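Taken in order, these protein sequences are the chains called Y and U. When the letters of the first sequence are read in order and numbered with the UniProt record's numbering, they come out as residues 1 to 355. When the letters of the second sequence are read in order and numbered with the UniProt record's numbering, they come out as residues 1 to 355.
In short, the hints are calculated from the structure, not lab data. Don't take every hint at face value.
The list that follows gives simulated cross-link-like pairs (lysine-lysine, DSS-like), each with its CA atoms no further than 25 angstroms apart [as the list claims (entries may be wrong)]:
1. U:Lys351 <-> U:Lys284
2. Y:Lys98 <-> U:Lys261
3. U:Lys179 <-> Y:Lys101
4. Y:Lys179 <-> U:Lys98
Facing chain Y, according to a computed beta carbon distance under 8 angstroms, are these residues of chain U, among others [claimed, not checked]:
5. Glu81
6. Thr83
7. Val85
8. Pro87
9. Arg88
10. Gln108
11. Ala119
12. Phe123
13. His131
14. Val262
15. Asn308
If you're wondering where the values come from, they're calculated on a predicted model, not measured in any experiment. All C-beta atoms, glycine included, are put in the ideal place defined by N, C-alpha and C.
Spelled out, the chains give:
There are 2 protein chains.
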Amino acid sequence: MRRHKSYLLLLAIAAFSLFYFYSGKSETKPQTIYSAALLPVKPSLNYDQNSPYIFIGGVPRSGTTLMRAMLDAHPDVRCGEETRVIPRVLGLRSQWRKSEKEWNRLQQAGVTNEVINSAVSSFIMQIMVGHGEPANRLCNKDPFTMKSADYLAELFPKAKFLMMVRDGRATVNSIISRKVTITGFDLNDYRQCMQKWNTAIETMITQCDLVGSRCMKVYYEQLVLHPEAQMRRILEFLDLPFNESVLKHEELIGKDISLSKVERSSDQVVKPVNLDALTKWVGKIPEDVVKDMADIAPMLAKLGYDPNANPPNYGKPDEIVRKKTEDVHKNGETWYKKAVEVVNDPDRVDKPIGP
Amino acid sequence: MRRHKSYLLLLAIAAFSLFYFYSGKSETKPQTIYSAALLPVKPSLNYDQNSPYIFIGGVPRSGTTLMRAMLDAHPDVRCGEETRVIPRVLGLRSQWRKSEKEWNRLQQAGVTNEVINSAVSSFIMQIMVGHGEPANRLCNKDPFTMKSADYLAELFPKAKFLMMVRDGRATVNSIISRKVTITGFDLNDYRQCMQKWNTAIETMITQCDLVGSRCMKVYYEQLVLHPEAQMRRILEFLDLPFNESVLKHEELIGKDISLSKVERSSDQVVKPVNLDALTKWVGKIPEDVVKDMADIAPMLAKLGYDPNANPPNYGKPDEIVRKKTEDVHKNGETWYKKAVEVVNDPDRVDKPIGP
Numbered sequence: 001m002r003r004h005k006s007y008l009l010l011l012a013i014a015a016f017s018l019f020y021f022y023s024g025k026s027e028t029k030p031q032t033i034y035s036a037a038l039l040p041v042k043p044s045l046n047y048d049q050n051s052p053y054i055f056i057g058g059v060p061r062s063g064t065t066l067m068r069a070m071l072d073a074h075p076d077v078r079c080g081e082e083t084r085v086i087p088r089v090l091g092l093r094s095q096w097r098k099s100e101k102e103w104n105r106l107q108q109a110g111v112t113n114e115v116i117n118s119a120v121s122s123f124i125m126q127i128m129v130g131h132g133e134p135a136n137r138l139c140n141k142d143p144f145t146m147k148s149a150d151y152l153a154e155l156f157p158k159a160k161f162l163m164m165v166r167d168g169r170a171t172v173n174s175i176i177s178r179k180v181t182i183t184g185f186d187l188n189d190y191r192q193c194m195q196k197w198n199t200a201i202e203t204m205i206t207q208c209d210l211v212g213s214r215c216m217k218v219y220y221e222q223l224v225l226h227p228e229a230q231m232r233r234i235l236e237f238l239d240l241p242f243n244e245s246v247l248k249h250e251e252l253i254g255k256d257i258s259l260s261k262v263e264r265s266s267d268q269v270v271k272p273v274n275l276d277a278l279t280k281w282v283g284k285i286p287e288d289v290v291k292d293m294a295d296i297a298p299m300l301a302k303l304g305y306d307p308n309a310n311p312p313n314y315g316k317p318d319e320i321v322r323k324k325t326e327d328v329h330k331n332g333e334t335w336y337k338k339a340v341e342v343v344n345d346p347d348r349v350d351k352p353i354g355p
Numbered sequence: 001m002r003r004h005k006s007y008l009l010l011l012a013i014a015a016f017s018l019f020y021f022y023s024g025k026s027e028t029k030p031q032t033i034y035s036a037a038l039l040p041v042k043p044s045l046n047y048d049q050n051s052p053y054i055f056i057g058g059v060p061r062s063g064t065t066l067m068r069a070m071l072d073a074h075p076d077v078r079c080g081e082e083t084r085v086i087p088r089v090l091g092l093r094s095q096w097r098k099s100e101k102e103w104n105r106l107q108q109a110g111v112t113n114e115v116i117n118s119a120v121s122s123f124i125m126q127i128m129v130g131h132g133e134p135a136n137r138l139c140n141k142d143p144f145t146m147k148s149a150d151y152l153a154e155l156f157p158k159a160k161f162l163m164m165v166r167d168g169r170a171t172v173n174s175i176i177s178r179k180v181t182i183t184g185f186d187l188n189d190y191r192q193c194m195q196k197w198n199t200a201i202e203t204m205i206t207q208c209d210l211v212g213s214r215c216m217k218v219y220y221e222q223l224v225l226h227p228e229a230q231m232r233r234i235l236e237f238l239d240l241p242f243n244e245s246v247l248k249h250e251e252l253i254g255k256d257i258s259l260s261k262v263e264r265s266s267d268q269v270v271k272p273v274n275l276d277a278l279t280k281w282v283g284k285i286p287e288d289v290v291k292d293m294a295d296i297a298p299m300l301a302k303l304g305y306d307p308n309a310n311p312p313n314y315g316k317p318d319e320i321v322r323k324k325t326e327d328v329h330k331n332g333e334t335w336y337k338k339a340v341e342v343v344n345d346p347d348r349v350d351k352p353i354g355p
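Okay, chain Y solo, but in the shape it has when bound (with noise of 0.2 angstroms):
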């Protein structure tokens, strides 16, 4: 009833022409008289819910800053550090949707679902705007954000999704070898952490496939092994030109590409893409939880990792990616010295493999 557009339109200038009437026989005039220009919000946002915003999203430690360091290196697209915000609005609004009794008490309220909308993708534009330089197309990186994203498929008509997937046992062997502290996750228990894995990464790709053709999944393995190709396609998928810069993101650190001291992935992202990370987690694993793997995480298999294997054969690294990994061997110092730089807590940063 209240969410006619045209009819409110209609009650705007009506409220406006018995402003001017009834302002003139008042006692005292108010002081505030009212533009009959639409104000924007921001005056510099020029952004709004039909933009074909990016939004990339996965569980923590699946690839999501080297997608959106690579993303960044486009000279279309900024993404920029992760908001942390985004999410918590999410979540809030997610709270209210579920519990049925404060849904009712919201719409007795007149806070109906399109009010809410309006404010949590205002809520979102702002933060995504303003947090970063401005780019014809604006992407966010807040890894939960998978989590809605049918909603945020309903906000932003436009948005595109990429969701990373990557093996769980290179994800979990990273929270815990990197001391993540994620919601839910006991850091002290690779068992939990797996089971853990698999409930997040199985409501973010129901999520994934509830958005449909807007939501395309990007493996990390094979972004890492093939990244032409895997940006090529990706690319494609965003509408966006193909661009030689994203294929060498680590020559923008600094420049385009904005680094957070305190985000966990900064020291990593500075190198360029190689195969470091792959198999780093083989032989890291309770043997316990190694034997039961299929059970534990039946989301593996799904996904195409062979549970039993370890590591599953990934597959052949293209030669450009066998030779960039050589190079972080041989120059283990000066690769070092620039992750050292980026973050605030040296002690963190991996140390040189050595050539």
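With chain Y held as given, fit chain U onto it using these hints.
Chain U in isolation, oriented as in the chain Y frame:
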């Protein structure tokens, strides 16, 4: 560094020109051409951060609904129901602000104070504008926003604040007898509730004082005893012309004043301003609590309520209020029926007192 607006504008223009240049050469043309015009987030939103909003707050059960109903009766003002979501977004932001670690992470990600403010204020404006009819002066009544008055005053530099103050014994008796669930209040413990009231109102008074001349304290008892004098004072403070309709809000219920069927006060503000609620609490508070009142709730004395008088002398009502109270009693059944009509749960409605 990121926040120079003129610099941003120049950049946007430059980016736009570059984009045109670039899109001519690129392999695939990007699908969307951004308009150089500034698009508002919501086309019907002709309010902005500088609009003179009105915020009504206070401890729940202190007359905030009566206050907003009387203002809603004014032809220039629309408050509407409690939105419930505005205090929650303020709470979220307050959490981030309080944690030094979190705040630092956000700064590192370009999510600066200014960016958060633009997101939070957009959210609040979309809710305020969207959940009711348009009006020259938009008003919000969510009791706990008063805890964030200083921050709201920063977000909205022309906003004004009305803080409802009421004898805490009456407030607590109303919370307990009407079973109003409020986080932290133990409805089975009068003493604990008085302590909670004391803490809550202390915080709010501090906030109101920080806001200074843009926050006015309104004593519930005085509003009920002398509605005309109080409303003249309040409307002058709000730069609004006096209008007789604010003294007969009961005539506009369901017309210009929209009530929620699930709010705890709806069945009360249906009636005209009357004296029934002033001293209902007398005789309801456990004796040991009455005895220790001055120590349990030192804010009572600070606000001018004698903690040892049961009840204190609140003053003598205007003749019109005495008459309206008489009418509410004489026509008890009629008013009871009206009250039952506006709520989902008739069991909660006060039974008629009788003449």
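Checked hints:
no., hint, in the structure
1, U:Lys351 <-> U:Lys284, "18 angstroms, holds"
2, Y:Lys98 <-> U:Lys261, "21 angstroms, holds"
3, U:Lys179 <-> Y:Lys101, "16 angstroms, holds"
4, Y:Lys179 <-> U:Lys98, "24 angstroms, holds"
5, Glu81, "4 angstroms, holds"
6, Thr83, "5 angstroms, holds"
7, Val85, "6 angstroms, holds"
8, Pro87, "12 angstroms, violated"
9, Arg88, "6 angstroms, holds"
10, Gln108, "4 angstroms, holds"
11, Ala119, "4 angstroms, holds"
12, Phe123, "4 angstroms, holds"
13, His131, "4 angstroms, holds"
14, Val262, "5 angstroms, holds"
15, Asn308, "39 angstroms, violated"
Violated hints, listed in ascending order, are 8, 15; each of the other numbered hints is respected by the structure.
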